[in-house]
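**Q** If you read the sequences in order, they're chains G and L.
Each residue of the first sequence is one higher than the last, beginning at 1 in my numbering.
Each residue of the second sequence is one higher than the last, beginning at 1 in my numbering.
These are computed hints drawn from the structure, not numbers from a lab.
There could be a bad hint or two in this list.
[What the hints assert, rightly or not] Partial pick of chain L residues on the chain G-facing surface, computed with a CB cut under 10 Å:
id, residue
1, P80
2, H96
3, E98
4, P114
5, P136
6, H210
7, A236
Virtual Cβ for every residue (Gly too), placed ideally from N, Cα, C.
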Amino acid sequence: MSGAQDLAGVDRAPSRSGVRRVDPRRPAVMGANGIRRILPDADAVAHARPEAAAAVRVPVVESGPRLRTTEAPKRCFMAVVHGERGLLDRHAQQTIAAAALLADATTAVIAVVLGDVEEDLARLGADQFVVLPDCEARAFQPDREMAHLDALISRFRPAHLFLPDSEEGCGDLGRRLAAARGMSIAAAVVEINARTLTCYRDGRTQFAERVWTDIVLLALDVADARLPWVGHGERVDVVGKPFATRCETTSSPSRTSATSPASASIRDLGCASLASSDLSLQEADFIVAAGHGVRDISLLRQLADRLGAALGASRMVVDDGRVPRTRQIGATGSTVAAGLYIAFGISGAVQHLQGIKDCRRVVAVNLDASAPMVKRSDLSVIGDADAIARALLRLVESPG
Amino acid sequence: MKIAVLVSSSVHPVSGIPRRSSNDAAALEVARQVPDSEVVVLHAGDASDAALPGYLAAGVEEIIVISMQPGDDAVEALLPCVADSDLILSGTRAEHGEASGMVPYLIAHALQRPLVAQGLALEARGNVVQVTQFLPRGTRRRIEVRTPAVVSVHPMAPVRPRYAFAKRRAGRIRVVPGSRRGEVPSDAWVCRPTTRAPHKLVAVQDMKGHARMLAAVTSDTRAGRVVNDGSDVEKAQVLLAYLREHGYVDARHEETE
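Pulled out of the complex, with its shape left as it was, chain L reads as follows (with noise of 0.2 Å):
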């Protein structure tokens, strides 16, 4: 099974200084532990960044740089060299830059393909995957998606990508000329340097001058229902009713009752 995956170049928040993005090193780890896979990491941008050694660390001999002008479009780039590939996998967001996660949306829409976002873990058998999905508060969903397809991995996926720095050294970066055909328009970002917190939307409040005193006196808290008689049995029973009022005792209790 031939494996594109999409890597992108991070800085460290604090020191800035390059590195690999931690979510796509996740996704090119996710990629190298499907067996018999060929993984093909692709990169558009430039090949000089500094960041894109930290790949080769992860294991990988091979990057492949599609070069690409600051103006250019990543996904026009990028789609000739991930047509032939049956699984194209990515991080979920990157790092650095927009940073909008819309690549491998596009991608997918580009190519007509099945996208499966958040991925955690991948099986394949054959030319079919079995995706296991993050969902938040401990859900995980298995998605089975036929290849060819699209993956976003999700930056808590159970993988460990290494760093060996002779690994490093060994590989290589090959630079590929991209196709300069699409071109992003950038003049509808204005960028300044953050020097503030987001201000946040809050509604104008025209409250009389009682009515603010009571706001500012009073928290809204909503006190519920207090139940202060009966035995512990019967208290034990409200709860289990609220429990299944809102359907947190499993449906295999529910039957039995």
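Bound conformation, chain G alone (with noise of 0.2 Å):
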């Protein structure tokens, strides 16, 4: 009856047989976003003229991040974390974010970077960082650290230090801080709110909670690092600032005993890495794990012994009975954290990625491009395992 009007395009018509049909072709806008939005009212622009459909667009969504505040501070939160070969540890990034979290809108977040940093930390909530390249965590200088966070700490006055309860030195750093200006301090906290903060307590059978202490240790996985919102992210540059030079001079023996006359009879010499023979896999820093895409073992091990890192494996490999059960990543073997992980045939199931997600680089080694151990590395080279770890050894053996 009505068919002349359809093909007229007029959707809205009730068809024949009474149901109200939509054309999947009626006039729609592409947004900035790239999402086809239909537009509301088809009569309205049903002759479309470009200036119509400008006045119906809907607002375009601005690229970039959104920053967390932009509202003038008037105090800030310091977060105080190391940073080793440039990257932060998973501890160290939560600590920045949750202080970015914890933060309200006239409050700014400064990260403090003992170390180097290559990281963007503004993506971590940071609105001002500070990094100090001489505070290497290898090196032990509690007392220059401690200089150096003096000054900051009187330049910025924060209202509250957050560190990571770790091992890397931040806890230490934290608890002498706190001994020795007598500030409060709660240690290993495992929850935290805008107002409060949580401890374990007599094992693990209490929570202790109290007002927030003026230095916060907070431990592993309290706060989530992904932010949809970033900081400022400017760099706060303290080098010719009066108290860098102060710092110079607490390596000097007279000057050591004027800030702090413990300090005087320590001396630190240096660092060693254990033999991978000798490391679990836990503590390892360098990894080379062998999947079932390897089939000379021996190479393998050769090759994590001449680089100096540990030799991990698959499932499949340890099942096989080619590696010990001791070497096994994954889920049912053990979570490594490794700085650097080198995956050489493993394909990657989700069992073995569970085991390696505190890996932070990790390079795969595999002859398929789409394994998920590819997608989940930061290098991957495509190609027969055994030759290239073959290649690789030969290149580390040869002096040239």
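Dock chain one against chain two, each of which comes alone in its own frame, and use the hints as you go.
**A** In structure tokens, the structure reads:
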């Protein structure tokens, strides 16, 4: 009956059967974010002119992440973490993110990185950050770190200090600061909200809760480091400021005794890394792992020894009996937190990826470019694991 | 060399039976292995604590208990007893009670002594002690410290504390009245039994529906560089360059290159 009308494109008219039909090709606008939006009123744009379409266009989402706050800061929180080889570990990232999550609109977050950092600290919510490259975690220099922190505290006057309660040195530094300055401290905080913090007590049988202390040492996994917004991320340079020179002089004996009489009698004899064979996988910083794609395990063991890495293996290899069970990485084996993990011939089952979720850099050597391990890796080399391992061993062993 | 070892009491996490803290027992064993050492074991608290004979079982003849009321400051109570010792050893953290790990720090600060935390082994030569310090990921640091000093011992110290029942029966616990000076303000903390897991601090995600859907269906994998071309040697060179870039190939190699 009204077929002619339908063909004219009036899609709101009921069809012959009485069911209202929608034309899938009716006018729509493509938004800047790539989403096709069907316009609410088809009649209004039935004879769409460009200016009419512009008038009804949905507000374009501005590109780039949103800032946490744009208000002028009245106070600040300070997060102090160690950086190692330019990277922050998960614990350090979570500490900065926790400070940002707890800060209100008029609170700035200042991240202090002892050591080196290449990461984008704005992504972790830091509004300002200070890098102190002379305070590496490997050197034992609590006095220098304390002097730096003292200067930063008197400069920024943070309301609270957040540190990871880690064995890298931040747990030690926070406790030293609390003892020396008489600041209140809460260690191994497992839960924190805008007003109070909670620690375990008496083993894990009790929660002890109190209002925030001056220094908060956060346990691992207190906060999620994924943030929907970013901080300002301005780098604050401290070189040339008066305290920088003061820190330089702390290494001379006369000034050391002036700042802390105790430190004069300490000498750092340097670090040594354990031999890879002595090292448990959980503790290793560098792991070379063998999967089913590796036929020659002895070659890989040789490579691991030569690189000073610990040898790990996937379940397949361990089940074959080619590598002992203690070397298995994954859900049934051990969970590792290496700085660098090289997977030779491992496709990356979920159970295996779960075991390496704390590894900071992952390299995959695999024949299959679509393997899950390749998606997880920072660098993937597609090829035969044995051949590449042999070539790498030859390169490492050749003196030129 | 006079070594004071500070020990705490602990309970078994499952059965709740009092026992010695394994970390403090490790500290005691580290102290006992120092040659020509005079080890004094100190505990601030209740002398009738059923955990204390566990330390006697490790082979010490006597434990000195500085009697203390529940609200008293353990550090204040311990200070007069440890002031004359060359070396003060303790575990890193207690297993029971507040377990903030602050005791060695407060004692070191009060006595103005150097502190080395996370010690694994001691090597004494005259009045100089070499401490091997635990650092994560297989790193060990050696620190030389002149006595008097404070060392807190890491739980992974490579010692095996003994447990001899005869020694436990033979040893004795001597009670020393503590000075009732400091008092810890205890009202700051409110305790309640753990009935749930701690809540994690997570950002409120105010995403639109489409973005939420995208986040749910795509995992946040950050796929890195993929090297597909070249011979095996070229691919190995890419790997080596990556190792060198991040400092995982030793310096000796970089010099020869």
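**Q** Each hint: holds or not?
**A** Evaluation of the provided hints:
1. P80: With a minimum Cβ separation of about 18 Å from chain G (threshold 10 Å), the hint on L:P80 is violated.
2. H96: Holds, about 6 Å.
3. E98: Holds, because the Cβ-Cβ distance from L:E98 to chain G comes to roughly 6 Å (cut-off 10 Å).
4. P114: holds (4 Å)
5. P136: holds (5 Å)
6. H210: Holds - the Cβ of L:H210 comes within 10 Å of chain G, reaching about 6 Å at its closest.
7. A236: Constraint on L:A236 satisfied, holds at 4 Å.
Against the hints set out earlier in the document, a violation occurs for number 1 only.
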